[in-house]
Every structure is written in structure tokens, then in C-alpha cells.
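Asks: The residues making up each chain are set out below.
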Amino acid sequence: MGVFPKRGGDQAATPGAGVQSQAMRSDALLHAARPHRTLWRDAFSRLVSNRLALFGAIIILGITFLAVFAPLIAPSHYAYQDYGAITQSPSREWPMGTDLVGRDMLSRMIYGARVSMAVGLGAQIIVLLIGVPIGAIAGYMSGKVDNLLMRFVDVMYAFPQLLFVILIMSMLGRGLQNIFIAIGVTGWVTLARVTRAEFLSLREQDHVLAARSIGAGPWRLITKHMMPNALTPIIVTLTFGIPLAIFTEAALSFIGVGISPPTPSWGGMVGDNQSYIRSYWYLSLFPALAIALVMMAFTFFGDGLRDALDPRSGKR
Amino acid sequence: MFQFILRRLFWLVPTLLAISLITFLVMHATPGSPLQPTAANANPLPPEAQANLMRQYGLDRPLHEQYVIFVWKAVRLDFGNSYVYRTREVTDILAATFPVSLHLGVMAMGFAIIVGVPLGVMAAVKRNGTIDYIASIVAVLGVSFPNFVVGIFLIVIVVLVFPQIFGFHIIPRTGGWESPVDWILPTIALGLQPLGILARYVRSSMVEVLHQDFIRTAQAKGLAQRRVIIGHAVKNGLIPPLTIAGPMFAAVATGSFFVEYIFRVPGMGRFFVESMSSRDYPMIMAVILLYGVFLAIMNLVVDALYSVIDPRIRLS
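Chains as they are written, first to last, in the numbering used here: chain A, 51 to 366; chain B, 24 to 339.
Just chain A, same shape as in the assembly:
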């Protein structure tokens, strides 16, 4: 609910408009008397008042905790095989059962959080390092450089990203490092596009022009005057990239070109065990639930973050 009525005409025409506008005025006064807050504090308070976003954040923190302290929490090592107890159903001893070679599923699930979180966060750092500079340069320089970049972006958009990632992975071979490369190489395009669009509009704005007129150089213009104003869409794009990266890793491991075994990855666990689902449902159901949960948490959090940073967008 905004402070000011959206359509002034509506308010005047409805009976009791006087009362309402009085209420509005006191409302406005209340807001004016509100203590001064920075953009980030303001966004933070909006974020924590969003229940779904908070729920997402709690799940993310919990899974991060599991990932970081996996060796301390997990009952056994992820590769430890107990041949006396293969394909055990969930029980008190093995809360999520054991797999075809007698590894404790719970331990593998906990260690699996490491891969998902590492890919989710790590790949975004690579995307950030590639996407933002390219987008910023294209937006700042515009003209020929920009044109060239946009043609390249068009080509990248013309073939499905997942197809390209699978291609790169099957060429480079399995491994966490290669997943970072594959996601980084393909994922920067969207971020570069967003950054470029922001910079294109920012470079025409008065405060940038003013800075330029008193002799600020390109580096200072970009870092001090343009980047801080482009930060919001960049952060939002990066946040929405996290569940995508987690999905990409899970999908790659699912078809067997992602993480190399025996390192557990949720997607890989679903893929390895999905042929036995009729007999041992828990082997693929629990990792599938984990993927769904972490992606949902990041989606909620991303939605909340977008609404918090840019209250005009999102839900009406």
C-alpha cells in the first residue's frame, strides 16, 4: 500500500473521501516522522517482514550449516560401504536407508549439500566476474563494442543454455571445477545484458553527466557513479541465478556428466537410483526432495529480495 493514492480521481469521487484523505494525511505524517533509514536497512526490514523470504532464508542457512559442518554432523563418511547392510529401508539406524553398495544415505545427503551450495554460490561468483565487467564496458562505451557484444549475446540466446552446458561438460569431463567453468561460460550472458541495460540508461543521467563535466575519468565514473546505482538489478539477477545453477548441476549429475563419483551430489543420487525406484523408492525420493527444497528456498528468497530492493516491481 503506497502512501499516496494511485488514482486521485477515485478518491475524490467516492463518498467519505474527506475522511479518507484525512487518514492519508496522518498516514503521510507518520511516514514522514519515520526515522531516516538507508536503502539497505529499508530493504532489509522489508525482506524480513516477508514471511516466505524469511522461510527461504532459514532453509538456506540450515542447508549451508549442514554443508559446512558435514564431517561433524554426518554419521559416517560418504564413501564408507557397509556390505552387511545394503539397500536397507529407512530405520532408526539408517534414517534414510542405505544404497546399493551399503552407503548410509543420510550421510550422503548431508555431504551432497556441499556440492549444491558450492555450485549455487561459487558459480555465481564466476558469473559475476565475467558478466558485470563485460556488461559495464558495453553499456559505458556503447556504439561498436556494444553492438558486437549484443550480436554475440543473441547467438548465445539462440541455443538452449542447458544443451551448451551438457556439451561443455561432456567435452571437459566430470568434476566440480568443470561445472564452475561450464556454468560460468554460459551463465554470464543474462547478467551482462542486465548490467548493460542499466549502464546505458545511467550514462545519460544528470549526475553522471555532472561528474563527467568536472573531469571524472571512466574508472571513477563506472565505480563511483554508475555501479552503485546498477547494484540492485545485478544482485537480483545473481540471486535468481543461484537456483538455476543448482538445477544445472543436479541435471548434469543426473545424466552422469556432472560430479564424479563417489562424491555425493543430489542430482547424481537421483540419476543413479532412479532405475530402482519401484524397489528402493527412498534412494531417489530423498535427494529429489532435497533438490526441490533448496531450489524452492532460493526462489522464495529471490522473490523476496527483488520485492525488498525494488518495491515497485513484483506483487501488486
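Everything labelled a hint here was simulated from the structure, so no lab data went into it.
Backbone N, C-alpha and C fix where the C-beta goes; we use that ideal spot for every residue, glycine too.
Please note that the accuracy of each hint is not assured.
Reference listing, derived: stretches of chain A covered by chain B, where coverage requires no fewer than 3 residues with Cβ under 8 Å from a Cβ of chain B [as the list claims (entries may be wrong)]:
#	region
1	203-209
2	295-304
3	324-333
Based on the hints, put chain B in the right spot on chain A.
Replies: For chain B alone, coordinates are given in the frame of chain A:
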């Protein structure tokens, strides 16, 4: 209109060239060769045999020459024999499997549109009602659950939970592609994501349209609510969701790999992944180009449709 389509078809040529060139370079720049035996621990082929095979498949020529030969043959739809299925031509394999994938994709899109659009419209009309909540739950599930996770859930529910609760096996089966019964679960698994995205977009665009003056005019002149919504609001509210149809086609096209894998659908997915890891160069190139063409044509259809539905939009 005709001119627009022609120009876009013309632009398809450089785009496809760029896609094939990137794929070609990635394929050849990475270590590994199709001449390596696929079995683990197998002895490598003797050098003479390797040289012979290289000559037979034209792999001994310089890269640029290989690429030109490829393009020259691809223009006439000759992609050569598959390296893995040596007796079959790539085009034969694709002709047998692509229709299956396409069939699955079309059904998934149909499912997404038939369920997603009315869901979004009803959610917008009865905001914060029961249907709105159902729609937002479906949207969250669709957006955050990868299709292979949905597939696992569906199998667990249909095969394991249902018979136990109701004591009989319900109809949908989870493997093969013989009868329409086999189509149900893969369609739902593949269609849920576009359904969720579509419902979400339709809802927000409908909410916007329902606030506009011409809707109030229609209501003021005494039209039934039903006619206002179907005749006036839906027509305008469905235009923005069309813009996301392109990415949705991409998601459905690549997503079908995973769904085919889980439900044993004899589509292209199996060949695609296999061809990647065994470096079946002709197969990889053909599949990626096929997807490039498919996506480009879908995007073209969407853009053309856009101007047919909304004459205010000029094609340029």
C-alpha cells in the same frame, strides 16, 4: 508481415552458422577423440588403424576444411553416419526419434496452456481466493521443481502410494511410449514447469488489465462479469505472457531429455547424451542444429503471432 518473416528467416542463416561454429570449436578444442574405445580399460587402437579411420571420416584434414565440408553437406541435410551406430545415418536416427520428442513436447505445452491460462485468469479474477492460492502453489512448484524431480515424485505417488492406499493400480504407467496411457505422466512431468510460469505471468498481467478503465466501462454498461473477463480482459491480458513463450519452448525442448530418461521414452534425449560422451561428432552437430532451427522458428512464430493478436505492435 511477409517481409518480416523473410528477413527473420534470412537472419537464421548467420545464427545457425555461428551456433555450428561454436559447437564445432568446442568439440574439437577439447581433449579426447572419437577413436578412443568406449569400454573402460580397453586397449587403444593401433596407430595405423587410427590413421585409417581418421582418413575414412575425414578427420585428418585441417579443421577449417572439415568445417567447410560439414557446412556444405549440412546444407543438403547430409550429416553422415553416426560414429556410434555405424550402420545408421544421423538423419535416419533423428527422423525416428525426433517425432517422439516433438510429440511429448507438444503435449506438455498443450497441458501447460490448457491448465495454466485458465488457472492464471481465475487467480487474477478472484484475487486472494482459494484458486489464487492453488495457482500460486502450482506456480512455485512448477518454477522451483526440476522436471526430473517432478518425474520421481509422480512415480512414487502413482506406483507406490496409490496402490497402498486404494488397494489397486491406477492406470498411468511409467515406461514406454506405446499407448496414450504411457503419455500421461511424462506430459505432466514436462509440462508442470511451463504451466507454473504461465499461470504466474497470466495472473500478473490479468491483474494489471483488470485495473484499466475500459474494463470499468464494460462493467458500467452492464455486461455480465463473464463477458467482461472473456471478451475484454483475457484478450488483452494474454499478450504479455506470449513474450515468455520463447524461453518456455527452450525449457520444454531441453527438459524432455530428462523426462525421456526417467520414463523410458524413445525420443532424442538418449541419443543426445550418448553422442556427447562418445564424441559422436556428426550426431552432436545435427542435434544442436536441429534445436537451433526449432527454437528460432518457434521464436519467429511467437513474434508473428504477437502482431496478429495485437495490431498495435509493429514488426520491425
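Asks: Can you tell me if the region 203-209 of chain A counts as covered by chain B, using C-beta to C-beta distances under 8 Å and a minimum of three residues?
Replies: holds (count 4)
Asks: Please check whether the region 324-333 of chain A has three or more residues whose CB lies within less than 8 Å of a CB on chain B.
Replies: holds (count 4)
Asks: Are there three or more residues in the region 295-304 of chain A whose C-beta lies within less than 8 Å of some C-beta in chain B?
Replies: holds (count 4)
Hint compliance for this structure: every hint is met.
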